[in-house]
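**Q** Sequence:
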Amino acid sequence: MTRVQSPINVERWIEENADKFKPPVGNRYLYDGRDFFVMVIKGPNARNDFHLVDSEEYFYQLKGDIKVRIREADGIVDHIVREGETFFIPPNVPHSPQRPPDTIGLVVERRRPPGEKEHVIFYCETCGAVVEDIHFDCKDIVDHFSKAMLEFWNDDARRTCKKCGKKVEKAQPVFSFRRMCPTRPSGRQTPSVWLWSGAAGRVKRSTSFSTVKIVEQWSKTSTSIAKTSSTILARQCSNFGMTIRAGPAKIAVRRLKKRSR
Numbered sequence: 001m002t003r004v005q006s007p008i009n010v011e012r013w014i015e016e017n018a019d020k021f022k023p024p025v026g027n028r029y030l031y032d033g034r035d036f037f038v039m040v041i042k043g044p045n046a047r048n049d050f051h052l053v054d055s056e057e058y059f060y061q062l063k064g065d066i067k068v069r070i071r072e073a074d075g076i077v078d079h080i081v082r083e084g085e086t087f088f089i090p091p092n093v094p095h096s097p098q099r100p101p102d103t104i105g106l107v108v109e110r111r112r113p114p115g116e117k118e119h120v121i122f123y124c125e126t127c128g129a130v131v132e133d134i135h136f137d138c139k140d141i142v143d144h145f146s147k148a149m150l151e152f153w154n155d156d157a158r159r160t161c162k163k164c165g166k167k168v169e170k171a172q173p174v175f176s177f178r179r180m181c182p183t184r185p186s187g188r189q190t191p192s193v194w195l196w197s198g199a200a201g202r203v204k205r206s207t208s209f210s211t212v213k214i215v216e217q218w219s220k221t222s223t224s225i226a227k228t229s230s231t232i233l234a235r236q237c238s239n240f241g242m243t244i245r246a247g248p249a250k251i252a253v254r255r256l257k258k259r260s261r
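Using this note's numbering, you'd call the opening residue of the sequence shown number 1 and step up by one each time.
Please keep in mind that the hints were generated in silico from the structure rather than gathered at the bench.
Be aware that one or more of the hints could be misleading.
Now the in silico label distances, taken between C-beta atoms and shown as ranges [unchecked claim]:
hint, residue 1, residue 2, range
1, P114, P90, 35 to 43 Å
2, P113, K162, 44 to 52 Å
3, C164, K63, 50 to 58 Å
4, E151, D74, 16 to 24 Å
5, P113, C164, 34 to 42 Å
6, K162, I8, 40 to 48 Å
7, K117, I70, 33 to 41 Å
8, D155, K63, 34 to 42 Å
9, A129, W13, 40 to 48 Å
10, Y58, P7, 18 to 26 Å
11, T86, Y29, 34 to 42 Å
12, D143, G115, 32 to 40 Å
13, L62, N92, 39 to 47 Å
Backbone N, C-alpha and C fix where the C-beta goes; we use that ideal spot for every residue, glycine too.
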């Protein structure tokens, strides 16, 4: 006879297990079943890898806003997942969740069948080449993921890009970007930032008023924003919820006016 588990008070469960959520991933099993598992993931995490698996993933954001970086064929696209929102990731899509402090989310994944490989991929932030694709049979995602990342960061040879020689640095805990990326006021469209790359053409738009201020403040401390590579600017602004695609070309930034919807 199958034993039915009693209902779980998620809020109480998180409080009781608060000391067990540790970077780099910050995940714990809420339910670990035969066909699927449910994780609670608490920020801050510390990740600069991209996860890839041959199955879907379902995100539900319980508290705070997070950013999920998606690696597409022509660059990186950042998705802000707000508190109360859900987010679906199709199979075989490289993604990197960035979770600021005190954020809490649920992630539901399918249990991997024998022989299916889990991928933790590190890319060079300078040239975009794959530095290492760590693939393995993942029997315990909570334990195995963290070990794979730590072993990579602690090995200079493994984290050195074979193409350009740059090293992938150990990821640091994500700091808060929520106060800098507020939810859009009702009935108004916040100002936007456009980034241009001379090599790739128009890049992506961010609709955060605070992002404009951040770019303005950051550019004042730089000798010339037009002489700064987009890779550096992306690194400086990546935790502010900015949607940006990095490349080696020069950048120009302009601010769009507020518009009513």
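**Q** Decide, hint by hint, whether the structure agrees.
**A** Checked hints:
no., hint, in the structure
1, P114 with P90: 35 to 43 Å, "violated, 23 Å"
2, P113 with K162: 44 to 52 Å, "violated, 32 Å"
3, C164 with K63: 50 to 58 Å, "violated, 39 Å"
4, E151 with D74: 16 to 24 Å, "violated, 31 Å"
5, P113 with C164: 34 to 42 Å, "holds, 37 Å"
6, K162 with I8: 40 to 48 Å, "holds, 46 Å"
7, K117 with I70: 33 to 41 Å, "violated, 20 Å"
8, D155 with K63: 34 to 42 Å, "holds, 35 Å"
9, A129 with W13: 40 to 48 Å, "holds, 42 Å"
10, Y58 with P7: 18 to 26 Å, "holds, 20 Å"
11, T86 with Y29: 34 to 42 Å, "violated, 20 Å"
12, D143 with G115: 32 to 40 Å, "violated, 20 Å"
13, L62 with N92: 39 to 47 Å, "violated, 27 Å"
Comparing the model with each earlier hint shows violations of hints 1, 2, 3, 4, 7, 11, 12, 13; every other hint is respected.
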